[in-house]
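These protein sequence lines map, in sequence, to chains E, D, C and S. Residue numbers 129 to 439, in the working numbering, belong to the letters of the first sequence in order. Residue numbers 129 to 439, in the working numbering, belong to the letters of the second sequence in order. Residue numbers 129 to 439, in the working numbering, belong to the letters of the third sequence in order. Residue numbers 129 to 439, in the working numbering, belong to the letters of the fourth sequence in order.
Calculated from the structure, these hints are not laboratory results.
The list treats identical chains as interchangeable, and a pair is accepted whether it falls inside one copy or across any two copies.
Okay, derived cross-link-like pairs now, EDC-like style, lysine to aspartate or glutamate, Cα gap no bigger than 20 Å in a straight line:
1. K242 <-> E262
2. K433 <-> E364
3. K147 <-> E175
4. K193 <-> E239
5. K147 <-> D192
6. K406 <-> D267
7. K147 <-> D267
8. K193 <-> D165
9. K301 <-> D278
10. K242 <-> D267
11. K154 <-> D165
12. K154 <-> E175
13. K406 <-> D179
14. K406 <-> E262
15. K154 <-> E170
4 protein chains.
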Amino acid sequence: MFRRSLPRFKSLTNLATLKVHGPDGKGIVAACCNLLDRKGYEIVGSEHWTDRIENLIFLRIAFDKEPQIASSGGLLDRCQNAVETADATEQALQQLCRDRDLAFQLNWRQERAKVAIMVSKYDHCLWELLLRHEADELDCDIVGILSNHDNLRPVAETFGIPYHLFPITKQNKREQERHEIQLLKDVLQANVVVLARYMQIFTQHFLQAFPNSIINIHHSFLPAFQGSRPHHAAFERGVKLIGATAHYATADLDEGPIIEQDVISVTHRDGVDGLIQKGRILERNVLARALQAHLDDRVIVYNNKCVVFGD
Amino acid sequence: MFRRSLPRFKSLTNLATLKVHGPDGKGIVAACCNLLDRKGYEIVGSEHWTDRIENLIFLRIAFDKEPQIASSGGLLDRCQNAVETADATEQALQQLCRDRDLAFQLNWRQERAKVAIMVSKYDHCLWELLLRHEADELDCDIVGILSNHDNLRPVAETFGIPYHLFPITKQNKREQERHEIQLLKDVLQANVVVLARYMQIFTQHFLQAFPNSIINIHHSFLPAFQGSRPHHAAFERGVKLIGATAHYATADLDEGPIIEQDVISVTHRDGVDGLIQKGRILERNVLARALQAHLDDRVIVYNNKCVVFGD
Amino acid sequence: MFRRSLPRFKSLTNLATLKVHGPDGKGIVAACCNLLDRKGYEIVGSEHWTDRIENLIFLRIAFDKEPQIASSGGLLDRCQNAVETADATEQALQQLCRDRDLAFQLNWRQERAKVAIMVSKYDHCLWELLLRHEADELDCDIVGILSNHDNLRPVAETFGIPYHLFPITKQNKREQERHEIQLLKDVLQANVVVLARYMQIFTQHFLQAFPNSIINIHHSFLPAFQGSRPHHAAFERGVKLIGATAHYATADLDEGPIIEQDVISVTHRDGVDGLIQKGRILERNVLARALQAHLDDRVIVYNNKCVVFGD
Amino acid sequence: MFRRSLPRFKSLTNLATLKVHGPDGKGIVAACCNLLDRKGYEIVGSEHWTDRIENLIFLRIAFDKEPQIASSGGLLDRCQNAVETADATEQALQQLCRDRDLAFQLNWRQERAKVAIMVSKYDHCLWELLLRHEADELDCDIVGILSNHDNLRPVAETFGIPYHLFPITKQNKREQERHEIQLLKDVLQANVVVLARYMQIFTQHFLQAFPNSIINIHHSFLPAFQGSRPHHAAFERGVKLIGATAHYATADLDEGPIIEQDVISVTHRDGVDGLIQKGRILERNVLARALQAHLDDRVIVYNNKCVVFGD
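So here's chain E without its partners, still in its complex pose (with noise of 0.2 Å):
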């Protein structure tokens, strides 16, 4: 089993995410950093837009995590001062958004978000994204991959992370997904469920049950060549690029929010086979960033759009 015996870079949990957006008000910002202020919390990074046709805002911010009070405490008053603070933080902006009818997330990251990883047979993507995990540039754990194949179990086994088989076919799949969320939810306990060329169609109730936190990536610039095969449909129409798109998955196939899109040229030389080598540099790095966006808590849906703030 390989484990990287580098130095890691320096975590950086001791930041924690506020995420706010619904209407658009008088000094939101404002009474944010202020609430944040007055606990004690030093804000170290901010960004909000405002959508001015929609009157929508979108706020986010970081800040340290340990609160900044004065205490004459030892080690163990100050955890449970910081403890009492967060929970404080969270009453006070539980009443703020309630008043101008905002929703928000508060993400303290006591501990990293839980990543379940699901393949069928081709590996480039789940390489890509336990390469970087392990290069310490993914902030998660990874929980679990789940499979409907059996071949990628060794990639599995080369990080020492858990395989799970569910061979799926059209009779046992509502069944299949029924187990899938189970170990998911209650074993495994995944925030993120990232579809790194998983090749099945869920059904709607397994889609339910991870709203806004499942991660599809479609090898095509979205919508163009939506469905399957759609390197064979960009060979035929002979165009000069070729995109891959990374989306939250919803009911409509390929029609999720878009979170992260990009391109690579093709030429007259470039068969089918060669576009689906090009494509799959381009998916495995379209993924991982649509997950290190979702995973810095950078990504915000509403209207099936994402706004994605700066890096």
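Keeping the supplied structure of chain E fixed, place chains D, C and S upon it in accordance with the hints.
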């Protein structure tokens, strides 16, 4: 009227080009090279590609158009020789290609290509083409600008290029097209028609008059967002890149062979206006690059696709 | 003279911007937001970043410059109120920032920035800026063009912009610079000077007259190929990409703070002429983007670097 | 040990390549095509470029390595014929090129290229190469991994590739290099040595043992930021893009002929760690693309530059 006063780039017009394509067969490249060689032409560049699935060959040869013939005569003799050699070459090529069922195009560049530009109200593509032309980046003469509106006449006048107004209504479209074809063919003797954001849809009649010679710019990454208002559709979909596509205009709107495509990043901050603004930069560059490839004789069309050889 | 007849983009001039930077400290973002809020200004966007190594804060807030004040008075009263509120805001900010040792810039956009362009013989950057300006992509007035040569006067006349000739020799350089400064400061009242491939090297005297206000375009990917003839050097080295760099001009030639950079692919087929031609496309786009960022008040300079906030 | 179980891409090994370069002259392309043609080889692609300033020709021909010879014999006869034809072709080419002072390389691809990889502690380039190899994107055998550290042995073991440890000190460098050369030449019979972030500087002795066969990746956009710690220097300078450069290693450190370069955007938010992380993605892709071009026989070196033909 603006006239650029910088020293011009060395003309490339000493180079002629031969393009050949059709069923692959034994010794085609050698035969073509031999033929030019024996006639005294110095080959300075060539590229050939075989579509091994369709079993088709695509060949482009650039050669010095002055044959290197031992000649004791004066200038007149040499000119006479050159003309005779060119004729003989053309005949020999005709025979070579007829035997093998190949198509060929021989461009002696005795005179520069004659390009006509058609525009409506948007000026960005027109400026780009005229400025690149003025900077000697486009190896052609721009023989006229046709428009269904009068508002870009001052741009034409800036460069001293004739501007022809053809207002289009539902009633007069066919008749106006006839006049346009007459102007383009008989008066301007245009080889290439560039639709620089020309907003009228042509009848078959017009399109068939200029096969593989009308270059259109569509303001999306085709086949995504065909038809009108692609930036509005892109905004609605929440894409993270927008594109532009230059293609030969055919009877199927937005479905002609693609010459060149490119994309640019957009974010949630870009409204429709922002997409349109970013799109302008794309459109003018993609269109100019496509025209350049066409004028360099680097494009071969087949099966509704373009083979575009390297520059 | 060319005058664009399309409907103009909606002016953005209802937005004022506040930029703040300096030593980080508790509650700066909240304090600034509160201050604007209390004065009745609607904040429509903000971004802030903390350099945690140097312990510096960088903040940019965009807000509606019309305060929303309950007012029973007429238009005159409201104007009077607006002016008084702006003054009061400025004073309050002065105090807030003085106490914390912060620098701030408040741009009310009462009038558009005044941009002067300096050129020599190359026209591509000049055209790009004038055309983007004409298309309302640059939120400024272009108040004059200065050159050491007369050949681009027709470009200026195309857009009706005054053209000022200052021929430079070794002997008259200092004196001509004095005249240029006088023209720029006293007559044109320029806030920004754009060197659109201006080929003269300034004395310190000139540079110090416009701190962080002179934007230069260098035709290489700095710090590679500093100095003159970078394309020749790039050709010699056999690089596979060439670049362009827009930066604020400082006393150290080609070493000022970088605002924007980009590159374009080149191949063995590109001779020096080819690099120059491809470079032109780069230079004009990089320079225009840098000017746009500057005009949007998205740039803060420190430690010879630029913080460039998102557009 | 990981072993990919997907169906492999169709091997390209039925294609042989001929590269020719040297002083330009009449009829070289025709002569080479004729020669291959007469021996019964089907040419499936070719590209040729003339450096008209230096008057040099560069030619690459890809052809089916099985000659199409009328043969009534069995398999053995045909094999015998093929070998004899290849020998005769080689001799004829020798004579053709000797007469014209041309250099040629004929790659029959009887066996795949043998690639050895040298690494130190960073693993990202190593993984990329091994995974692309495993996915059949690199047409070679990876015959061994050499390192001055032991920590990447598990990566090698994941793919079942021998790992050879050569710890380097000031004292033992020359001796270790001798051992490495012996291993590479005599045991592994490597044709190509890839320095996948190998952090030792070689002596001339080592470099001369593998002319134009050692591919190095430098983590900057050369010639910017030569030498060590380029990301630190890039951070200090405040660049807006960082680069990576793959080149053949020569006696002049970081000055060898450049095969491939690419860049990625960075912002003020990227500290040195951020640059290093973004750089990793660049480095592994640039190195892999350079190796691919080398293995495809698409590179010809001259005058410390690389002609890289299209893929």
